[in-house]
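Chemist: As a plain string of letters, each chain reads:
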Amino acid sequence: MLLDFILPAHDRKLIPEGRLSGPMPWVIAIMLFLTLLVAASGLALADAARKGGQDLARQATIQIIETDPAQRAAQRAAVSRALRGFDGVESVTPVADSEVRGLLEPWLGNGVIDVDVPVPALVDVRFTSAPTRQMLNDVQRSLRNVASDLRVDAHSSWMAPFFELMNALVWLAIMILFLLSVATAAVIVLAVRSTLNTHRGTIEIMHMMGGTDLQAARLFQRRVGLDALLGGVAGFILAAAVIITLGDRFAAVEPGLLSGVTFPVYGWAILALIPLAVVGLAMLMARFTVITALKKIL
Amino acid sequence: MQSVVEFDNVGLRYGTGAETLTDLSFTLFPGSFYFLTGASGAGKTSLLKLLYLAHRPSRGAIRMFGHDAITLSRERLPGFRRRIGVVFQDFRLVPHLSTFDNIALPLRIAGIQEKDLKGPVTEMLAWIGLSERSDARPATLSGGEQQRVAIARAVIGRPEMLVADEPTGNVDPEMARRLLHLFAALNKLGTTVVVATHDIHLLQEIDGAQMMRLDKGRLSDPTGSLRHPPRPLVLKN
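Protein sequence lines, in the order shown, are assigned to chains A and B.
One point on numbering: in the numbering used here, the residue at position 31 of the first sequence is 31, and numbering is uninterrupted.
One point on numbering: in the numbering used here, the residue at position 94 of the second sequence is 94, and numbering is uninterrupted.
If you're looking for bench data, these hints aren't it; they were derived computationally from the structure.
Note that the structure is a prediction, hence the values are computed from the model and not measured.
By construction, the Cβ of each residue, glycine as well, lies at the ideal position given by its N, Cα and C atoms.
Treat the hints with care, since some could be wrong.
To be verified - Sample of chain B residues lacking proximity to chain A, with all beta carbon distances greater than 12 Å (derived):
1. R63
2. G66
3. G79
4. F80
5. R83
6. D90
7. N102
8. L105
9. G119
10. T122
11. R133
12. G157
Claimed, not checked - If you anchor each label on the Cβ, the simulated ranges turn out as follows:
13. A:I270 - B:R59: 31 to 41 Å
14. B:A139 - A:W26: 24 to 34 Å
15. B:L189 - A:R200: 28 to 38 Å
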């Protein structure tokens with residue numbers, strides 16, 4: 001079908017190709033700009049959710065509740081040793097007391113900690129793959145032989161709502177993409193019908209002289225395809241500029257949740273395919289619309 | 001003799017209105033020349049539309065070039081239309097194409113290569129006296145010039161049947177005579193010609209031409225020739 005771009009110059013003259021003179025390239029540029037932004041957001045969120053989810057799902061923190069600091073340190077060391085002996089544990093990192101106090105100070109104030117509030121000892125564990133609930137229960141049961149009062153917190157449990165939100169946003173992006181695709185297709189159909197009405201006389205003459213439906217459809221396909229290509233390139237350039245600029249802004253944000261949102265390299269390949277898909281869609285819609293309309297005349 | 005067109009009890013109505021054409025039965029033979037006359041609104045243009053396959057009749061049977069034209073599939077219609085040249089009453093030139101491109105249009109639609117169509121189109125332009133205006137758009141041509149272009153476009157492909165609706169309505173008598181002689185020359189080469197006209201004097205221009213007269217959608221046949229093979233054509237000088 002894309003070969004239908006290649007038409008002899010004299011055939012191309014049958015329907016004037018007033019490039020960028022009509023509204024269609026501009027409408028497609030705007031639709032595609034919005035589509036690409038939504039697609040880029042969806043891709044970035046999906047990538048961040050996937051990476052973050054995979055990473056967090058492998059992590060857990062062991063909390064050891066013990067009021068006596070010496071006992072607490074001994075239990076933390078014992079738990080760390082025991083954890084290193086488990087299958088599927090990649091790394092074990094005991095969290096220093098000072099670091100735990102640093103985490104609590106903003107809420108409880110300096111000096112209160114260790115006097116009035118029993119601060120738990122923490123041990124971070126990273127598994128080679130995301131542990132199952134059963135595996136975490138087994139770890140907790142085994143560690144209770146070393147420290148009687150401890151709890152295993154999987155990071156995925158407290159981050160789950162955040163990633164559910166990200167997944168919801170990804171689905172929202174997919175829905176918006178679908179709606180934009182439908183709207184773009186509708187715009188193309190309207191534009192083709194308008195062009196067909198404008199050139200109905202020429203098409204009828206071609207018909208009366210023995211022109212086939214396909215000959216007429218090819219002319220429209222080419223014109224609509226070129227309009228879509230011009231609009232697509234314009235929309236892509238605008239969207240790429242916005243994505244690159246926003247990417248720089250995200251990269252400048254302090255490390256945290258937002259810093260995980262980066263635009264993946266493979267995303268550019270997907271974005272580049274979207275304008276080509278729109279050109280293909282436009283040509284297909286043009287062919288279908290013209291042939292359907294022509295079948296109504298003898 | 002194999003007929004070019006056979007109408008058998010053909011009727012045509014638009015929508016739910018009264019019949020525009022009623023009980024038309026006639027045969028057109030190869031190499032014959034017909035004038036179709038009748039008052040305005042008699043149905044001349046409607047009959048021509050049936051002849052150049054722009055409409056299908058509401059009833060009756062039409063055979064064209066030996067095939068049933070009523071049941072002709074949509075895919076086969078273009079092949080049949082390429083065998084028919086049409087001069088429209090309103091010319092119907094493509095407004096954004098030059099004179100040259102308008103005349104070349106049927107050849108290009110038929111897939112003739114550019115190198116093969118330049119000669120015939122240039123020759124045709126010279127014959128209709130518009131060589132100097134080959135790049136002109138229709139809007140810049142006079143009514144008579146547009147009509148000549150429309151005629152050139154209809155005959156350039158050497159059609160087996162030429163259907164012309166008031167082809168001399170906008171040209172001076174001398175040009176009308178020249179155009180008729182072009183039709184006659186084409187007719188001599190075997191093309192069946194059907195010319196719808198109000199101008200009864202044109203009938204005297206071509207010897208052997210036969211007359212079909214339409215009256216309120218019905219065909220009258222004053223010469224009786226439609227029921228018989230035509231006489232050989234003789235051009236008056």
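Chemist: Run every hint past the structure and note whether it holds.
Modeler: Each hint tested on the structure:
| no. | hint | in the structure |
| --- | --- | --- |
| 1 | R63 | holds, 17 Å |
| 2 | G66 | holds, 18 Å |
| 3 | G79 | violated, 7 Å |
| 4 | F80 | violated, 8 Å |
| 5 | R83 | violated, 8 Å |
| 6 | D90 | violated, 10 Å |
| 7 | N102 | violated, 9 Å |
| 8 | L105 | violated, 6 Å |
| 9 | G119 | holds, 16 Å |
| 10 | T122 | holds, 15 Å |
| 11 | R133 | holds, 17 Å |
| 12 | G157 | violated, 8 Å |
| 13 | A:I270 - B:R59: 31 to 41 Å | violated, 59 Å |
| 14 | B:A139 - A:W26: 24 to 34 Å | holds, 29 Å |
| 15 | B:L189 - A:R200: 28 to 38 Å | holds, 34 Å |
Hint violations for this structure: numbers 3, 4, 5, 6, 7, 8, 12 and 13, all remaining hints satisfied.
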